[in-house]
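**Q** Using the sequences and the accompanying hints, generate a full structural model.
There are 2 protein chains.
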Amino acid sequence: MDHRVLIVFLLLWSSAHRMKEPSSTPHSCSQDQEGPSTTMAPLSYSSQSRRCVEASGTYGFTMRKESRIIRWIRWIVIVTALLLLGFIIGWCAKPTHPNTANKSTSSQYLKELLEGMQPDQIKQHLRKFTRLPHLAGTEQNLRYAEQIMKEWLEFGLDTVEMVPYDVLLSYPNKSQPNYISIVDQFGSEVFNTSLAEPVPEGYEDVSDIVPPYSAFSAKGQPEGDLVYVNYGRTEDFSQLEKEMGINVTGNIVIVRYGKIFRGNKVKNAMLAGAKGIIMFSDPADYCAAGVQSYPDGWNLPGGGAQRGNVLNLNGAGDPLTPGYPAKEYTYRLGLEDGVGLPKIPVHPIGYDDAIHLLKNMGGQIPPNYWKGTLDVSYRIGPGFTDDFKSQKVRMNIHTNNQVTRIYNVIGRIRGALEPDRYVILGGHRDAWVFGGIDPMSGAAVVHETVRSFGLLLSKGWRPRRTLVFASWDAEEFGLQGSTEWAEDNAKLLQERAVAYINADSAIEGMYTLRVDCTPSLHTLVYDLTKQIGSPEEGEEGVSLYESWHKRDNWTNDRDAPRISKLGSGSDFEAYFIRLGIAAARARYTKNKKTEWYSSYPVYHSVYETFEIVEKFYDPTFKRLRAVAQVRGGLVFQLADSQLLPLDVNQYADSLGKYAQSIAQLAQRHPEEMKMYEVSFDSLFSAVENISIAARDFHERLQTLNRADPLQVRIMNDQLMYLERAFIDPLGLPGRPFYRHVIFAPSSHNKYAGESFPGIYDALFDIKNSADPEKAWEEVKRQISIAAFTVHAAAMTLTPPA
Amino acid sequence: MDHRVLIVFLLLWSSAHRMKEPSSTPHSCSQDQEGPSTTMAPLSYSSQSRRCVEASGTYGFTMRKESRIIRWIRWIVIVTALLLLGFIIGWCAKPTHPNTANKSTSSQYLKELLEGMQPDQIKQHLRKFTRLPHLAGTEQNLRYAEQIMKEWLEFGLDTVEMVPYDVLLSYPNKSQPNYISIVDQFGSEVFNTSLAEPVPEGYEDVSDIVPPYSAFSAKGQPEGDLVYVNYGRTEDFSQLEKEMGINVTGNIVIVRYGKIFRGNKVKNAMLAGAKGIIMFSDPADYCAAGVQSYPDGWNLPGGGAQRGNVLNLNGAGDPLTPGYPAKEYTYRLGLEDGVGLPKIPVHPIGYDDAIHLLKNMGGQIPPNYWKGTLDVSYRIGPGFTDDFKSQKVRMNIHTNNQVTRIYNVIGRIRGALEPDRYVILGGHRDAWVFGGIDPMSGAAVVHETVRSFGLLLSKGWRPRRTLVFASWDAEEFGLQGSTEWAEDNAKLLQERAVAYINADSAIEGMYTLRVDCTPSLHTLVYDLTKQIGSPEEGEEGVSLYESWHKRDNWTNDRDAPRISKLGSGSDFEAYFIRLGIAAARARYTKNKKTEWYSSYPVYHSVYETFEIVEKFYDPTFKRLRAVAQVRGGLVFQLADSQLLPLDVNQYADSLGKYAQSIAQLAQRHPEEMKMYEVSFDSLFSAVENISIAARDFHERLQTLNRADPLQVRIMNDQLMYLERAFIDPLGLPGRPFYRHVIFAPSSHNKYAGESFPGIYDALFDIKNSADPEKAWEEVKRQISIAAFTVHAAAMTLTPPA
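If you read the protein sequences in the order shown, they are chains Z and B.
Note that my numbering numbers the first sequence so that position 377 is 377, with each residue one more than the last.
Just so we're on the same page, my numbering is the position in the second sequence counted from 1, plus 801.
It should be emphasised that the hints constitute simulated quantities derived from the structure, not laboratory data.
On a predicted model such as this, the values are computed, not experimentally measured, just so you know.
Built from N, CA and C at the ideal position, the CB exists for glycine as well.
One should not assume that every hint holds.
Not close to chain B: a few residues of chain Z, all C-beta gaps over 12 Å, as computed [as the list claims (entries may be wrong)]:
hint : residue
1    : P177
2    : R233
3    : G302
4    : A560
5    : E614
List time: in silico DSS-like cross-link candidates among lysine-lysine, alpha-carbon distance up to 27 Å [said to hold, decoys possible]:
hint : chain 1 : residue 1 : chain 2 : residue 2
6    : Z       : K774      : B       : K1128
7    : B       : K1060     : B       : K1475
8    : B       : K1366     : B       : K1423
9    : Z       : K259      : Z       : K780
10   : Z       : K327      : B       : K1581
11   : Z       : K657      : B       : K1128
12   : Z       : K780      : B       : K1581
13   : B       : K1581     : B       : K1475
14   : B       : K1475     : Z       : K327
**A** Laid out in C-alpha cells, this is it:
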C-alpha cells in the first residue's frame, strides 16, 4: 500500500467530520449530551447519534424527519467512505500479478537450498554410483539411469523421464584385443603392449572393465616406422616437416597426450598422411611432483592409460544423424559418411609401454627439442636404432562401431509463473570405468542439488521458471546424449531456454574454484560465491569468493577472481555453441601456476575410483559441496529471480576485449593489412554500439515497473535472447554446428575456447597461405560477419519499438 | 466482481445483525425508543445507537461503560466489515493487468478502420505515385520514398525511417542499347528488334523509361542458330532432347513467357548449354480473348515486352551479400561469385518482334506440339528456313551490374502492451516503369491502410502489439529491399514477429479475391472477409466472403473459398520461407477457369499505367478498397486481438493433406518403394501427433485465464512460434536460405509453392536418376527430416512444462 491510500483516508475522514459538525444549520440537533467526547475519532460516530431523543410533535417530527434524512445522508456517506476506503486499499494491495516474487523470500529459499546440501549425502551418492563400471550403452549404465530416475522422483521432482536415442558408439572387440607390437624382420611380435590396466585394490572381482582404447578408431593392422611428434599439435607436425624435413606419410605416429584434445591430434596425423597414431601419457604431463602413484597417491601409475574418443565431430552429436535426433525413425548415414570418424587406427598406451616403443627409435634428437621426462632418449624417427633397424611397429586394432541405445534422464520442476522458461542443470552419467571423478563427482553433486531442491518443494516453494535436470548418456563418445536431446528439443530450447549450467566432473584439483562461463553470467557467479562458504580448512567464515579471489585473481587490470571462456569437451557445447543459450561450468581445480600436468593424472583410467576422491581430492566432501552450491545456486537464481540475473554490460565489456585482442593478432601483419585494406573499424564500431545499448538497457531496468508482468517479461526476453543473437544459422566455415559468432572451440584444440573464431581461423597461419589475397579476403569477410552480428545483438537490447 | 463478493457481503451483514440483537444478554440496554424501526437494514444502525441515554450512577456508569464496550465492539465490527467489504470489492474489481484488452472495443475499432478506407483516397494515392517511372536505385524512387515517409508521419505513425542498403542492381547501358538481330552470311544485321516500347498516350514527355531488358543478364554478343523450347521448362528441354534428339548446346534458345518464373527458364537454358536466351510474350499467354490492346483494352500490344530479373537467388537477397545485410561495411563477393547471376545473355521481346525471329526458323514441327497462337508456323530449329539458311541470330546485350543504394521506408505504431511483438504489412515501391498495377496498386492500398490506422490513433486507439509498415525497394531485382531488411533484423524478427502480410499488386483481374497464406491464417481470413462488403456491382449487402465463395469454392471436399499455398516471387519470401513467420498475401484476381493468360497481359510493360486501373481494372476503386480492407484487417486483428488469431488445428489439417499428397506421389513407384524400404509411416505418425497436440491446445485455450497476462503471453508465444518450428537452420539441399520444411518455392518454378519441398525435390524425375539407390536414400532422408520437423512442431504446442 502506498501513501496515496493514506491521503485518501485522511480526506474521507475530514469530510466525514465536516458532516458531523452542522451546528450552525437550522436543522441541527443539540450537542452531544454525554460526557467529554472521546478523542478517538472513529468512536465519536456513535456519540454523535444520541442527539434528538426529546424531539416530538410536528415540528419535532419534521425535525426528526429532517434530522433523519441528515442522519441517513451522514450514514450513507460514512458507509460509502468506509467501503471506498476498503476498496482503495484492496485495489492497491492487490499485486498486479498474484504471484509476484518476493525477493526476500526468494533469497531465504536460496539460503535454505545451499544449507540443504550435505557433504555426507554427496559422499553417499558418489559411493553408490561408482561401485560398477557404467560405460555408455551398457546394462549397468541403464541401471544407474533407472536408479537416478527413481530417486529424483522420491526427492520430489514433478516429472522424471527416460529419453532414449540410438547412436553410434564404439567398443573393443572382446575376442580380439587391441594392442601395439614391435615386430622383427620375420614378422614376429617381439614386444606387445599390455591388454589392460592393473585393476585397483578392491575392484578385483569387477567384470566389464573396458581396457584402454580409442573410441571410434578405424580397424586395421598397419605396420610402419614410428615417428614421434611431441603433442601432435599443428605446430608440432609443421615443425617436424619444415624444420627437420621429416615426412610422416606412410609411417605410424606416436604423440604424447596433453595440451590439446586427442581428436585434434588424430586429425593432424591423418592430414599429415600417417597410417596410424599411438598416444601415450608422459609422466611430464600426467604426474605431479612429489606425489605417489595411485593407490598411494593420485598420480597415474605406469600401467594406466587414457581412454577417450578420437572423433572430430565439431558439434554434430551422433556421427550418423548430424542435425537431427537419433530416433528410431531417423535416417542414418552410412558409416563411410559418418561425421568425424577417423580413417586410421588409433590407440592409447601408458608410460610403461611407451618406454618400450620410444627407447628403440632411431634418428637424431636436436638439443632442447620436445624434452619429455620419460627416462629414455627421445628420438624423432623414423626407424629404430641400429640395433633394431629391421624392426617395425604394428598396431592391432579391432574396435567396432555399433549403433547402440543410450538413455538420458530428464527431471523437471514446473515453473509457477513462467513454465515456458527453462533453466537447465545437466551433466553426464556414463563413465569409461567407475567414473570416480569423471563424471560421478559431478553427477553426485547434481543428485544432491536435486535432493535439496526437493526439500524446498516440500516447504511449499516453487520456482518462477521451470527447472530441468539432466543426466546425460554417452558424453564420452562425443557429447552424444546431450547433443541428441538438444537436437530433439531445439525448437523449444531456442524459444524458451534461459541458461544451461553444466555439471561434468566437479573436481580436478585441490586448490580453488574454476568457472568458465558466458560473460553475462560473470556478475551472478561473483554475487553467488560471496554467499557460499570456502570449503578449505582454516577458512571458516571466509566466503568462497574471497578464497577463490585470493588464489586466482583475474589479471592486472581486474581485481576479481579469474573466469575463463567456455571451450568444449563437455555437454554444454550444443546448448551454448549451437543454440546460443547462456552457459556456465564450475568445478574445483588445481593451481595452474604450479601444476602443469594435463587435466588430472588418472583422467579416464581405471584409477578414477571413489577412493581417489575420498582419500585425496576431497576427504571432507566440502569441496564437492561448494561446487554443488555454485551449480545449484546458479540454477536457483536463474529460475527464481524476477529479473534474470544476466549482465549485458559485462558482455559488452568482454566483446570489447575480444575485439582488441583479435585486432592485435591481425596487426602482426601490418603490411598485408594495408595492402588488402583490412580494417577492424566496423567491429569496433559495433562493439561501441553494444556498449551503449547495454548501458541504456541497464538504466531502463532501474525504472522498470516490476509490478507489470508484461514489462518484466519483455525485458527478461531481451536478456535471455541476447546470447541467441550471436548465433549465425550459417555456422562457421566448415563447421555448420558451431554457430556462435563470438565463441567456438578452437579448430586446433576442442578443449580451448576461441573468441571471434571465424576471424581467428581465417588469420591462423596466414603467413603460409598458398593464396594470400584469398586468405585476406576471408579475414575481411569474417570481420564483416562479426561486426554485423555484434551490431545486430546491440539492436536486441534497444527498446523493442 | 464475482458471486463470492456478494456472499461475503451477506455473511458480514448477517453477523452485524446478530451483534445488534443482544436483548437477552444481562448488559443489554432497553429497546429502541423511537418509532417503528426501519426495515432498511443499513439505516437501522443509527436507530440502534439511541438506547441508554437514561443510564447514570455507578451501575449506570458500569452499564454505560459496558454498553459502550459493546457499542465499540459493534462499531469496530461494522467499520471493519465495511472496510473489508470494500477491500474485497477493490481487490476483485482490479484487473490483473490494468490494460486488458476489451474485445468489443477492439472490434468497434476494426469496423472504424475498415470504414475509414476510401476508394477515392486510394485512387488519389495511385495517381500520385504513378506519374513518373521509379525504377529501384533511381532518383525518382528515392523521391517517392521521401514522400511516403512524410505522409506516413502526417498520417500519425509514431516513427518512420528510411533504411538504405547498397545492393547489386542491373541497368541497360544507355549508350549501347540491347537488341536481337538476324545477321546474314556477310555479318550484316538484316533485322533488329525494337529498342523500346511505343510510349502510351499522355506519357510522351516522360524521360527515364527503361526499355525492356532482362536484369542481371550477362553481357555479350553471342551468335547462333535459334531453337524454340516452348516455355523453357525442365520438361520442355528434356522433351526436346529426349523425344526429338535436338541438343541446344551452342545455340540460342527462344522461349515464350509464362507458366514458370523467367529465372528458371534461364537456368534451364544454361544447364542445357545454350549460349543465350530470348524470351517473348506470346499472344496465347498475354492476350485475353475479345479484349483489345492497350489503350483501348487491357491486352498487351505487339510492341510491349516483359521486363524482369533473371536471377536464381533462391532467397539470398543481394547477390553479393548472401546471408547478411548489404550495409556499407559489409563484405561483398566478387561478381564472379555472386549468387544466382546468369552466365549467358538474356533478352525479352514482344510478339511483333518475335514473329520475325520465329517465322524464319528451319526444322520441322510435329503435330500438336507446343501450339502457340502467333500467326507463324512454329519450328523447332536449329537454323532458319532454306531461304535464310545462312542467317543466324545475334544477341547484343550490354546491360551492366552495379552496386546501387536502395531505400526501404519503415513506419511503426508502437504496441501499447506488447511492443515487442511485431505485425508487419510490407509491399514494394520500385516499379519497372510507372507501376500502375505492379506494385503501386498495392502501395496505394498500404498508403490508405496507414492513413486509416492514423485516424484510429487520433481517436485514442493504440494496438496491443507493434505494427510495422514497410515500403520495400528493389523487389523487382530479386526481392532485395525486403530480404536485406529481413537479414538486418533477423534476430529481432525471429524472436518477435507475429505475422507478415504482403502487399504487392492489389489487382491482377476483375473477378474475385485471391488469398495465398499459411494454414494457420485461413480461419482469420474467412472471419475477416465476412466482415467486409463485396466490391462487385449488384452485390450490395453481400459479404466479400460470400462473393468470393460463390466464384471460387475450394474443392469438392470443402465448402469454403479457395486459399492457396504461398509460392514466392514477392517480398514475403524471406519472412516466410527463411524466417518462419506466418504470412499471407491477398489481391483481386481473374477467373482462372476461363482466363488462361499468365499474370495479366501488360505485366512489367510500359502499359502498366494509372489509366489501365482506372479505366478497366477498378473504375470505382472498390476492388482496391476491398483488398485494402483485407490486408489492413488482417494486420489489425493480428496486432490487436488479445489471443493471436492463428488456428493451429488448420495447420495440422493441412499437414495431413500435404503428407497424403506427397506419399501418393511416391506411390507412383511402388517397386522402388519396396526395394529401398521407403515408408511414410514416420511422417504420418508425426502428423497425427500434431493433430492431437493442436486439438488439445485449442481446448486449453478455452479454459485459459485471460485475465492473467503471463498465461496469455505464454499461449500466444506458442501460437506465434509454431510457424518458426518448421524452420530448419540447415536449409533445403542446395538452397540454404529456403529453410521452411513445409513450404518452399518450387525448384522448377519460383512462383509456385511446393509442400514438403525436400521430399518433392528428391522424388522429382527420380525415374531418370543416374544412381537410383542414392536417389531413394535421399528420399528417405528427406522423409525423416520432415517427420522430425512436424513432430518437433507438435511438441511446441504441448503444455510448456
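**Q** Hint by hint, work out which the structure violates, then give me just those numbers in ascending order.
**A** 7, 9 and 12
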